[in-house]
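Visitor: If you read the sequence shown in my numbering, its first letter stands for residue 1, the second for the next number, and so on.
You may find that some hints are simply not true.
Between beta-carbon pairs, the in silico distance windows are [stated by the list, open to error]: (1) Glu198 - Arg77: 39 to 45 Å; (2) Leu170 - Gly16: 24 to 30 Å; (3) Val147 - Cys17: 16 to 22 Å; (4) Asp61 - Leu21: 41 to 47 Å; (5) Tyr100 - Pro124: 28 to 34 Å; (6) Arg47 - Glu15: 46 to 52 Å; (7) Trp103 - Val147: 30 to 36 Å; (8) Val84 - Asp61: 34 to 40 Å; (9) Arg111 - Phe173: 34 to 40 Å; (10) Tyr100 - Asp61: 30 to 36 Å; (11) Pro124 - Ala185: 27 to 33 Å.
Hints are computed from structural coordinates only; laboratory data are not their basis.
Just so it is clear, CB atoms sit at the ideal spot from N, CA and C, and this is done for glycine as well.
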Amino acid sequence: IWDAHHRMYERARLEGCPVLLDGYYGDQLLFPRAYLIDLAHRGRFLRARRSLREFDAWMTDLEPGEFTREFRSAFARSVVPRAVFARLKERAARHRAARYPPWYTKRFVGRVLERQLSRYDGAPRFQSRHAEECYRNATTGHYLLHVQRQNAAAAMHDVAITYPFRDRDLVAFLMAIPGDVTNLAAAPKGLLRRALKEVLPPAIRDRRW
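Taking the hints into account, I'd like the entire structure generated from these sequences.
Guide: Listed below in structure tokens is the structure:
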């Protein structure tokens, strides 16, 4: 239902609930995969492979090999020298620009290309691909836009939304620990599953979809 959020916010207000907890960003933060690139760069290919197989076993609603294909693409990009990658990215961006509708002005397309090619200019240096992934997900525009949109909609009903998984200290903590700790025992969200062992019923905590 397109207006389900507004109906939920209105019901919360009528029930005297001023704050709603939203699990948004939990998937991105608690199921990292860029650490597999870190493992591969250290020659730990077998460990990365075992993790990918375990991901498939847990996420049975996805096509088999989906995570392996994602890993191969990310790893290939990671080994290309930065200067070469920048040239390839520029070429790909201009190729996509050629497919834009003809009523897009040159000035508009130029701004799009500039944004694509300079999006991460001046970004901080990271100790690992895993830390970089956490940071990018926490600060990328479309996630922030979603949060702003939901906050505005809730404010129309005098309700506030808070996002526990976007807590600054939590993000910093998960950036600092290895990704394979977050995915404990190679299980997606393994650390969260272990932490909630006495809270969530097994049917929810151990579901494989």
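Visitor: None of the hints should be skipped; say for each whether it holds.
Guide: So, going through the hints one by one against the coordinates:
1. In this structure, Glu198 and Arg77 meet the distance hint of 39 to 45 Å, their C-beta atoms being roughly 41 Å apart.
2. Distance hint check for Leu170 and Gly16: the Cβ-Cβ separation is about 28 Å, which falls inside the suggested range of 24 to 30 Å.
3. Between Val147 and Cys17 the CB atoms are about 19 Å apart, so this pair conforms to the stated range of 16 to 22 Å.
4. For the pair Asp61 and Leu21, the supplied restraint of 41 to 47 Å is violated, since their beta-carbon distance comes to about 25 Å.
5. A beta carbon spacing of about 32 Å between Tyr100 and Pro124 agrees with the range 28 to 34 Å that was offered as a hint.
6. Our hint of 46 to 52 Å for Arg47 and Glu15 holds, since their Cβ atoms are close to 49 Å apart.
7. Remark: the range hint 30 to 36 Å for Trp103 to Val147 is upheld by a beta-carbon distance near 32 Å.
8. Distance hint check: the CB atoms of Val84 and Asp61 are about 37 Å apart, consistent with the given range 34 to 40 Å.
9. The supplied range of 34 to 40 Å is met by Arg111 and Phe173, whose beta-carbon atoms lie about 37 Å from each other.
10. Here the CB-CB span from Tyr100 to Asp61 is close to 34 Å, well matched to the stated 30 to 36 Å.
11. Under the hint 27 to 33 Å, the C-beta atoms of Pro124 and Ala185, about 31 Å apart, fit the expected range.
Comparing the model with each earlier hint shows a violation of hint 4 alone; every other hint is respected.
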